[in-house]
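Put chain B on the given structure of chain A with help from the hints.
Those sequence lines, one after another, are chains A and B. Just so we're aligned: 82 in our numbering is position 82 of the first sequence, and the numbers increase by one with no gaps anywhere. Just so we're aligned: 3 in our numbering is position 3 of the second sequence, and the numbers increase by one with no gaps anywhere.
Keep in mind that a hint or two might mislead.
Derived coverage of chain A by chain B (criterion: at least 3 residues anywhere in the stretch with Cβ under 8 Å from a Cβ of chain B; other residues may be distant) [what the hints assert, rightly or not]:
id, segment
1, 4-16
2, 49-56
3, 59-71
Keep in mind that the hints were calculated from the coordinates and are not lab data. Cβ atoms here follow ideal geometry from the backbone N, Cα and C, with glycine treated the same way.
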Amino acid sequence: MNHLSEEELIEHYYGESGRKAGIDAHLRACGTCSRAYEALSRDLAGIPQVAPPARDAAYGDQVWQSLRNSLPVYSAPASKWRRLTPLRILAFATACALILAAAFIAGRQWERRREPTLAGNTPQARERVVLFVLGDHLERSERLLVELKNADDSGTIAAPLRSEAQDLLTANRLYRASATQAGDPVLAAALDHLERALVEVANGPDDLSNADLARIQKEMNTDGLLFEVRVLRSRVQAQQQGGTTRSKGVSI
Amino acid sequence: MRTDDHSILRAILAGDKEAYGTLVARHSQSVFRVAFRVTGNEEDAEEVVQEAFLKGYQRLPGFESRSDFGTWIYRIAVNCSLDLVKARKVEADYRVADDADPKEMEVQVADTSAGPDRLLLSREIGARQKAAMKRLTPTEQAAFILRHMEDRSTEEIAATLGIAPNAAKQAVFRAVQKLRTGLAELRVNS
Chain A
1 MNHLSEEELI EHYYGESGRK AGIDAHLRAC GTCSRAYEAL SRDLAGIPQV
51 APPARDAAYG DQVWQSLRNS LPVYSAPASK WRRLTPLRIL AFATACALIL
101 AAAFIAGRQW ERRREPTLAG NTPQARERVV LFVLGDHLER SERLLVELKN
151 ADDSGTIAAP LRSEAQDLLT ANRLYRASAT QAGDPVLAAA LDHLERALVE
201 VANGPDDLSN ADLARIQKEM NTDGLLFEVR VLRSRVQAQQ QGGTTRSKGV
251 SI
Chain B
1 MRTDDHSILR AILAGDKEAY GTLVARHSQS VFRVAFRVTG NEEDAEEVVQ
51 EAFLKGYQRL PGFESRSDFG TWIYRIAVNC SLDLVKARKV EADYRVADDA
101 DPKEMEVQVA DTSAGPDRLL LSREIGARQK AAMKRLTPTE QAAFILRHME
151 DRSTEEIAAT LGIAPNAAKQ AVFRAVQKLR TGLAELRVNS
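Same shape as in the complex, but just chain A (with noise of 0.2 Å):
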């Protein structure tokens, strides 16, 4: 049989044991718990209850006065616009402003998030983007092509057109490379062929002899280059339409 401890004794004395009925039928079976149980209760029992001196009725008023001097008056709860003070105006004023700009940007996030989703993040999308810019630059050079092969007649190139080459030239060398890392390799031959022509263009001097255009056509073979720009404006137009029947040579 396990002895009580004398923490379960002091528990069991202070009536806060959980099982009280057990403690009880142990106590009467067990002589050693016994006399340790009445050994306690004799210790406890003889430390007295301190009575404190008495106080009479008009013990709680005299607390009374003398604390009420030193105890300031609640004031009581303003309305809630007397509540408005100038400093918690501008506090809400703040936290307003501090609002929308948190929506402001949590917005420009979210159609940040938002808009290449719907236009440059799907491989279509994409597509579409640079059918369209290419396109738009392979007419511009086909016009190009078109006004330097009518060209013979006044002798000169103007200098819009030079300027236009120059323009051209720049894109057109980014689509060159573009399309020789995509591994399209008529697309940027084709590039290639029409840069050259550009370069021709865009460093002629202003008073071109019939001489020098007419070398400059021979070389450059504009009435070829020409054909191959349409026919490479036509692909796109035509991927452009499809859509899903795009080649491998515009996935710039």
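Coordinates of chain B only, in the frame set by chain A:
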């Protein structure tokens, strides 16, 4: 007519300071009783009563209306008493350090109870109990007083002292053990 504590509290917070007097009158006896038991001194108990009601008034805006004001002010009073006991203990430690060690004190007590007179024995028991009580930590002392004299449950002691129920139970156990050890010699002699 305002009768319950909560109505009075609402009135006080609405600006009726005088209503606090009713609460002070209603609870000052129980606050004094526990303050006296913990501090063991009438003057200290008076000081605790004033401090407890003052703190109670200052903390009224934070008082949760679900709680019972009597229990709340009682807890404040116990903690004020505990703080005072701790402060007194620090002072006493400085003084006792120059007096004598516990062994020496036992000898001194034994000398005074040399006679067979019952009154002397009773005085010695009282002195021993006081000495044993002083050896308790303030928390043990408060826990024991709340348990033994104020008849508070372990949960109530824990809530009053702001400690876990198990810590409150252990504080009572340790207090009882220390008190019994302090009185053991007398028990053998008697």
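* Asked: Which hint numbers does the structure go against, in order from smallest to largest?
  -> none
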